[in-house]
Amino acid sequence: SQTIHQWPATLVQPVGSPLSLECTVEGTSNPNLYWYRQAAGRGLQLLFYSVGIGQISSEVPQNLSASRPQDRQFILSSKKLLLSDSGFYLCAWSLGGMAEAFFGQGTRLTVV
Amino acid sequence: AQKITQTQPGMFVQEKEAVTLDCTYDTSDPSYGLFWYKQPSSGEMIFLIYQGSYDQQNATEGRYSLNFQKARKSANLVISASQLGDSAMYFCAMREMAGANSKLTFGKGITLSVRP
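Chains as they are written, first to last, in my numbering: chain A, 1 to 112; chain B, 1 to 116.
One should not assume that every hint holds.
[What the hints assert, rightly or not] Label-pair ranges, simulated between beta-carbon atoms:
(1) B/K16 <-> A/P14: 41 to 51 Å
(2) A/H5 <-> B/S28: 36 to 46 Å
(3) B/K108 <-> A/Q62: 13 to 23 Å
(4) B/A81 <-> A/Q62: 41 to 51 Å
(5) A/H5 <-> B/S41: 14 to 24 Å
[Stated by the list, open to error] Okay, derived cross-link-like pairs now, BS3-like style, lysine-lysine, Cα gap no bigger than 30 Å in a straight line:
(6) A/K79 <-> B/K103
(7) B/K108 <-> A/K79
(8) A/K80 <-> B/K103
(9) A/K80 <-> B/K108
(10) B/K103 <-> B/K3
(11) B/K16 <-> B/K73
In case anyone wonders, no lab produced these hints; they're calculated from the structure.
These numbers were taken from a predicted model, which means no experiment stands behind them.
C-beta atoms are modelled at their ideal positions from N, C-alpha and C, and glycine is treated no differently.
Isolated chain A, as found in the complex:
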């Protein structure tokens, strides 16, 4: 069966520090991968999605970047965090077509 791992679960980082959140998927090949951000009590904002290794589409210009170095690995990064980067970050995967997306447990990032 397929599983998705996302870590860490919580993170407190100072302003100006770098960020690296990692997401890996097991049990499937060539998944579509997504990074979403959710502000407190708000909806999900799509940040990046990827349909293959090295293929990244950015939805929102921001202080973040994403990379997909391996088929089932998706990384969200920042060189210098801002206070506004605080939020709940969710990684997800899906197959192509109209398949539903499956989410990781999320990372609660607080930038102080």
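Take the given structure of chain A and dock chain B to it, following the hints.
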């Protein structure tokens, strides 16, 4: 323009009663899919139900059913026999097939509270 609209304020329902959560969508793509997710306080996103734009019948999954009205572009979630564990935030989402990449776009969500 918003693709998915969820405008209800926080919803309350008595335990064992049914509740309808509203969702309207906007697309010109004839091929699309509609999804509902549940997000309890733990933060995980749980897939509930899916409706395809070409499906002739409304989707059902246990106590969840989707009231799909294509002409009105609405895809309301109906939860029957509400349970205390149904208290959560609920998100409607859409995937359009236009182009090679089909993104999943979410609405802002609706908070549901089930009263004992």
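Evaluation of the provided hints:
no.: 1; hint: B/K16 <-> A/P14: 41 to 51 Å; result: holds, 49 Å
no.: 2; hint: A/H5 <-> B/S28: 36 to 46 Å; result: holds, 37 Å
no.: 3; hint: B/K108 <-> A/Q62: 13 to 23 Å; result: holds, 19 Å
no.: 4; hint: B/A81 <-> A/Q62: 41 to 51 Å; result: holds, 43 Å
no.: 5; hint: A/H5 <-> B/S41: 14 to 24 Å; result: holds, 21 Å
no.: 6; hint: A/K79 <-> B/K103; result: holds, 26 Å
no.: 7; hint: B/K108 <-> A/K79; result: holds, 29 Å
no.: 8; hint: A/K80 <-> B/K103; result: holds, 28 Å
no.: 9; hint: A/K80 <-> B/K108; result: holds, 28 Å
no.: 10; hint: B/K103 <-> B/K3; result: holds, 12 Å
no.: 11; hint: B/K16 <-> B/K73; result: holds, 29 Å
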